[in-house]
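Chemist: Letter by letter, the chains look like this.
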Amino acid sequence: MVQFLAQTFVNGINVGALYGLAAVGLSLIFGVMRILNVAHGEFLMVGGYIGFWLFKLYGVDPFVGLPLVGIFLFLIGIVFYKVVFSRVAKFHEEVKLKNSLLIAFGLYLIFPQIAMVLWTADERAISPAYSGQAFDLLGVRFGYVPLAGVCIAIIVILAMYLFLTKTYFGKSLRGTAESWKAAKLSGIHIEWTFMITFGLGISLAGIAGVLIALTQELTPFMGMPWTLKALIVVVLAGMGSIVGAFVAGLILGIVEAVSAIFMGPYTIAIGLLIFLIILVLRPQGLFGRA
Amino acid sequence: MLEVNHIDTYYGELKALWDVSLTLDKGEIVALIGANGSGKSTLLEAIAGLLPPTTGEILFEGVRLDKEPSHRIVEFGVCLVPEDRGIFPGMNVSENLELGAFSKRGRKEKEETLHVVYGLFPILKNRRNQLTRTLSGGEQQMLAIGKGLLSRPKLLMLDEPSLGLAPLVTKNIFEAICQINQTGVSILLVEQNVHIALRVAKRAYIIENGRIVQHEQAKNLLRDRRVIQAYLGTHYA
Numbered sequence: 001m002v003q004f005l006a007q008t009f010v011n012g013i014n015v016g017a018l019y020g021l022a023a024v025g026l027s028l029i030f031g032v033m034r035i036l037n038v039a040h041g042e043f044l045m046v047g048g049y050i051g052f053w054l055f056k057l058y059g060v061d062p063f064v065g066l067p068l069v070g071i072f073l074f075l076i077g078i079v080f081y082k083v084v085f086s087r088v089a090k091f092h093e094e095v096k097l098k099n100s101l102l103i104a105f106g107l108y109l110i111f112p113q114i115a116m117v118l119w120t121a122d123e124r125a126i127s128p129a130y131s132g133q134a135f136d137l138l139g140v141r142f143g144y145v146p147l148a149g150v151c152i153a154i155i156v157i158l159a160m161y162l163f164l165t166k167t168y169f170g171k172s173l174r175g176t177a178e179s180w181k182a183a184k185l186s187g188i189h190i191e192w193t194f195m196i197t198f199g200l201g202i203s204l205a206g207i208a209g210v211l212i213a214l215t216q217e218l219t220p221f222m223g224m225p226w227t228l229k230a231l232i233v234v235v236l237a238g239m240g241s242i243v244g245a246f247v248a249g250l251i252l253g254i255v256e257a258v259s260a261i262f263m264g265p266y267t268i269a270i271g272l273l274i275f276l277i278i279l280v281l282r283p284q285g286l287f288g289r290a
Numbered sequence: 291m292l293e294v295n296h297i298d299t300y301y302g303e304l305k306a307l308w309d310v311s312l313t314l315d316k317g318e319i320v321a322l323i324g325a326n327g328s329g330k331s332t333l334l335e336a337i338a339g340l341l342p343p344t345t346g347e348i349l350f351e352g353v354r355l356d357k358e359p360s361h362r363i364v365e366f367g368v369c370l371v372p373e374d375r376g377i378f379p380g381m382n383v384s385e386n387l388e389l390g391a392f393s394k395r396g397r398k399e400k401e402e403t404l405h406v407v408y409g410l411f412p413i414l415k416n417r418r419n420q421l422t423r424t425l426s427g428g429e430q431q432m433l434a435i436g437k438g439l440l441s442r443p444k445l446l447m448l449d450e451p452s453l454g455l456a457p458l459v460t461k462n463i464f465e466a467i468c469q470i471n472q473t474g475v476s477i478l479l480v481e482q483n484v485h486i487a488l489r490v491a492k493r494a495y496i497i498e499n500g501r502i503v504q505h506e507q508a509k510n511l512l513r514d515r516r517v518i519q520a521y522l523g524t525h526y527a
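The listed protein sequences correspond, in order, to chains A and B. The numbers in the first sequence follow our numbering, run straight up by one, and end at 290. The numbers in the second sequence follow our numbering, run straight up by one, and end at 527.
Just so you know, these hints were derived from the structure itself, not from any lab. Take these hints with a grain of salt, some might be off.
Chain A regions said to be covered by chain B (calculated; three or more residues, Cβ under 8 Å) [as the list claims (entries may be wrong)]:
id : segment
1  : 160–172
2  : 229–239
Not the full set, but computed from the structure, chain B residues with beta-carbon under 7 Å of chain A [stated by the list, open to error]:
id : residue
3  : Ser360
4  : His361
5  : Leu370
6  : Gly376
7  : Phe378
8  : Gly380
9  : Glu385
10 : Leu389
11 : Gly390
12 : Phe392
13 : Ser441
14 : Val459
15 : Thr460
Result set (EDC-like, lysine to aspartate or glutamate): computed pairs, CA atoms no more than 16 Å apart in a straight line [stated by the list, open to error]:
id : chain 1 : residue 1 : chain 2 : residue 2
16 : B       : Lys492    : B       : Glu385
17 : A       : Lys56     : A       : Asp122
18 : B       : Lys357    : B       : Asp298
19 : A       : Lys181    : A       : Glu93
20 : A       : Lys181    : B       : Asp374
21 : A       : Lys166    : B       : Glu506
22 : A       : Lys181    : B       : Glu373
23 : B       : Lys461    : B       : Glu506
24 : B       : Lys400    : B       : Glu385
We put the CB at the ideal spot given by N, CA and C, even for glycine.
Take the sequences, apply the hints, and build the full model.
Modeler: Shown next, in the form of structure tokens:
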């Protein structure tokens, strides 16, 4: 029983790290730009499929392909910012939020259709030769691939944290998140900050996508479920807390894994229930400030 | 040095400034006086590029500012400390000052300016690792001015620096403003505390309903019966 619970915990952490990674990008974009990108999961899906293509067509190892996908999705993010989101970014907060929601929902309708054409509706996964291998520790199974996923998620999130707190440019991102007006008056080029932020957020989604493709499956319709997971995690953590988003991701992963023992297929309701409880009792999130 | 020529400004459909003109020479302190909603802050925001005018022009040392984005205006040496202070409440004092020097102009001389600012407001040095939202109102205002100075402005625009502060703190802030001015920084000052504003300023403009209605030497305004009644209260008469 103890072993079974420990295994459930480990499985929960494996999934939760990915929730955290997916949420950090969403949180970053919302925090700095006040744009709720409900197409976040769509970009995550694209990242996963690009990793799949690199592996399937060119034999690139997914862990080598990971930085390539990160860079590629960064560029995609910049293109999407320039072509669509920059047009609403200059509006006032409320107008911006509403219009960006409409745009992102539009992308959510378009992306799966394009994915159907490019990758068909079949379930895809990145499965290198070593994907099933695992080691045993005190009777608990640790898969190498999920463990690498957790490590990469931690490294990426730590790197984000250091970037935001230690570098000049990272600080200007945080400043913009606190007050775009004060940022402008400090000589910060807001347009540029927005563009880089969007690129970074999308890049994080892409990296999460590849890690998901390694442990779960890719489908053209996976985008919205992942957006919802990321949204639940962001609400749980509170806006603007990078490390908090990761911890909240782990919490959601573990809670889901444990509740699966009792509730089976209804675990998906658990996440939404947590979402509601947090919104009612602590709307600023577990790690946020009122 | 600064020339505002016949500008009109709108908030959407609403006209906020009507044919406003103003000049400021190098090294001057000029005050802008008016009631709430008369357009003082709007004028400063127009100069800083937050709300560009629809007609007219703004010249700074011969350069047209009204076509430039706000981050470029900072590079020209024009800095606004807005009424809400323009600081980052969730960041600590030294991070705020650092971001004040974000412009290329400020970054070049960051260390020296930081030294000057800590000399001017020693309390900021003691509080440098403290979150800005935990500072008192006076300390926040000092930080706002210090952060503005880190952009190495030639023209510093201050919007209501005494807002919500105790008289003694206000006095300290204005002593600092005079010291800053003595180092050669020109100052455009918006202030509700008309009495103190007219003491430090050389000239003043009076703005009513978005129009400049009077322009006079500050010392003359202090004796002007109409100004005394409207802005200083009758007991000064």
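Chemist: Each hint needs a verdict: does it hold in this structure or not?
Modeler: Checked hints:
1. 160–172: With 3 residues close enough to chain B, the hint holds.
2. 229–239: With 0 residues closer than 8 Å to chain B, the segment 229–239 of chain A misses the three-residue bar; violated.
3. Ser360: Given a least distance of 4 Å, the restraint on B/Ser360 holds.
4. His361: holds (5 Å)
5. Leu370: With Cβ-Cβ at 5 Å, under 7 Å, it holds.
6. Gly376: holds (4 Å)
7. Phe378: holds (4 Å)
8. Gly380: Holds: closest Cβ of chain A sits about 5 Å from B/Gly380, inside 7 Å.
9. Glu385: holds (6 Å)
10. Leu389: For B/Leu389, the interface hint holds, since the closest Cβ of chain A sits about 5 Å away, which is under 7 Å.
11. Gly390: Result: holds, 6 Å to nearest chain A Cβ.
12. Phe392: Check passed: Cβ of B/Phe392 comes within 5 Å of chain A, closer than 7 Å.
13. Ser441: holds (6 Å)
14. Val459: violated (21 Å)
15. Thr460: violated (22 Å)
16. B/Lys492 <-> B/Glu385: Not OK: B/Lys492 and B/Glu385 at ~35 Å, beyond 16 Å, violated.
17. A/Lys56 <-> A/Asp122: holds (15 Å)
18. B/Lys357 <-> B/Asp298: holds (14 Å)
19. A/Lys181 <-> A/Glu93: holds (12 Å)
20. A/Lys181 <-> B/Asp374: The given pair, whose Cα atoms are some 10 Å apart, holds under the 16 Å limit.
21. A/Lys166 <-> B/Glu506: violated (49 Å)
22. A/Lys181 <-> B/Glu373: holds (11 Å)
23. B/Lys461 <-> B/Glu506: violated (24 Å)
24. B/Lys400 <-> B/Glu385: holds (12 Å)
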